[in-house]
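Chemist: Chain by chain, the residues run as shown.
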Amino acid sequence: MLSAGARAFSALTRPRFTTASTTTLRSPAALRRLLSALAVLEQRDGKLNQGSLSAVTAAAKLGGPIHAFIAGSNVKAVAEEAAKVEGVEKIIAVENGAYDKGLPENYAPLLVENIKKGGYTHILASATAFGKNLMPRVSALLDSQQISDITAIESENTFVRPIYAGNAIATVESTDAIKIITVRGTAFAPAAVGSGSATVEDGVDPKAESTTEWVSEDLAKSDRPDLSTAEKVVSGGRGLKSKEEFDKIMLPLADSLGAAVGASRAAVDSGYADNSLQVGQTGKVVAPQLYLAVGISGAIQHLAGMKDSKVIAAINKDPEAPIFQVADVGLVGDLFEKVPELTKKLKSA
Amino acid sequence: MGVPSALDVPIPTYPVPRSPTPSPRPVIETESLSPPTDVITTRAQAIESTHPFIPPFFPQIYHKTMSALRILVPVKRVIDYAVKPRVNKAQTGVETAGVKHSMNPFDELSVEESVRIREGKKTPVEDICVISAGPTKAQDILRTAMAMGADRAIHVETKEGEDLEPLGVAKLLKAAAEQNKSNLVILGKQSIDDDAGQTGQMLAGLLGWAQATQASKVEFTGGDSVQVTREVDGGVETLKAKLPMVITTDLRLNEPRYASLPNIMKAKKKPLEKKTLADFGITGEKRLKTIKVTEPPPRQGGGKVEDVDGLVSKLKELGAL
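If you read the protein sequences in the order shown, they are chains A and B. Residue numbering for the first sequence follows numbering that gives the first Met the number 0, beginning at 0 and increasing consecutively. Residue numbering for the second sequence follows numbering that gives the first Met the number 0, beginning at 0 and increasing consecutively.
Okay, chain A solo, but in the shape it has when bound:
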């Protein structure tokens, strides 16, 4: 079965690719050879971040050779895992614990040195917290105007990206020699870790000092699927009224579906749910098989984060709520009554 991202990607780009194929994508092989892409991968505690493999998928659309970059302590195991990723020719690995936390102050110079050494024309990273923090700094050091959060590639220098909370879609052409790109994960499914056999090579390490120091982190632990990659997402809004009700209503619903839990900004601002659960323009962008919005009116900033979902369902007591304009199926009613009933029926089914 295709993952949610793959579906979103094909739906978004198939028509564009047919038109683009007559132009730059079919450039002469001689030109093509000049193109080479570097996908920046992420690791945490010696494990490859699967979400970062969207960068490889996007790089594959460019048509040139793909190298991948990884840095951190005990990087060898991660590099070997990354070497199995389909489509990657070479892994550039830098072994140094100073890069474990992805601090851009030393990671950006590291990346710049390796970009220069490899002569890459396209540098891609997933639009994750890591990618969004690091890549613009790299871009500035290379004097290149970054292209953020792309959803499609039309040619080696033309990219598609949403603007204005997804209310407009811009097609932009880059005139920079080195193109720095972040990739929207829901538009490019992570490349498969499978039968690839990339070579692993040591990268250069300029050993720049970081001017920031990592102190601590506090990550929410959950057995539920990861919000950005989940097949199903149930999301709660201001209608839940309190954190207690949010947990009491939304968590059993999520568990009955095997879904990830999301929230609207209103719910996050009111303290009903953790900020990392926010779906929308300034939070996570999701495109699951099923998105069930509970007590969410459907402000444009929220829709920006979920309107590429395959099926959208909504439960809201206000029949005029804008969410019903995008929902494939809507139920008007009191969520405190309807959701527990739904949870019960899903469990017994």
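These are calculated hints, taken from the structure and not from any lab test. It should be emphasised that the depicted structure is a prediction, and the values quoted were computed from it without experimental measurement. Heads up, some of the hints might be wrong.
[Unchecked claim] Footprint (simulated), chain B over chain A, 3 or more residues, beta carbon under 8 Å:
1) 126-132
2) 138-146
3) 169-182
4) 217-224
5) 319-326
6) 337-344
Ideal placement from N, C-alpha and C gives every residue a C-beta, glycine not left out.
Given chain A, work out where chain B should sit, using these hints.
Modeler: Just chain B now, with coordinates in the frame of chain A:
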């Protein structure tokens, strides 16, 4: 290779002439205000100090004498967040004429945080300067920022349609930070029009300063140390850095105040300096060409069901269950 263009920014000279109109707040005379003695004398020194891989000369000078904050707060005028933007007929952009504009919501958080740092009294704040590049109307949001508590404003006037890309803005801000001897720049994490999320990081890179993006908490922990909690995937992380630094704001950082009427009146008397891109050595050159702007494919609502059973069966029918 693009790196040399970081040198396009003019070499800052000292002492930088202050705004002709005095700041309404008493200026605390400190050591950090007196012009540095080790002024750059040669072009080579200047190049070395502005090279992106070598921290510029600024931090070293400030570390010796830092005692008060000079905060620079870039703000952007954008289409109001509650307005649904419409793509224009020519498909060149979004219709902006006659559409309500306001300050980018994340920039309101930046202004608020700066004012709170002053009110917190833990670290003396000498200056809060807001800056915006845009058409004449950008002055409205600069006045708003001053009504919220900023001391003064710089308006960099650009012609209609001559909007800057994040890299251009970052270069402008680098020059502005140097001219105004800023040691802290607080920006929004992204503007809600182009959704790029780049300017703060680019600025930190160009200046060689520390960066803390998507901040939900900023604490001054004594001396020049700043501890910032930032929103990351799955939770938060905490970083420690020394001034000078660049911080970008996330939604949870604070709740911006409303400007009161007396403060709006007072803001009219605060200094607003008018500048041009040339004053910062910037051209409006663009690296990205917009080929076209289109509406996203519309989504059709699928109608409503009567009860929970209807919902379940419809979801099954759609293959979602």
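Chemist: Work down the list of hints and note, for each, if the structure agrees.
Modeler: Results for each hint:
| no. | hint | verdict |
| --- | --- | --- |
| 1 | 126-132 | holds (count 5) |
| 2 | 138-146 | holds (count 9) |
| 3 | 169-182 | holds (count 9) |
| 4 | 217-224 | holds (count 3) |
| 5 | 319-326 | holds (count 4) |
| 6 | 337-344 | holds (count 4) |
This entry satisfies every hint, going by the numbered hints stated previously.
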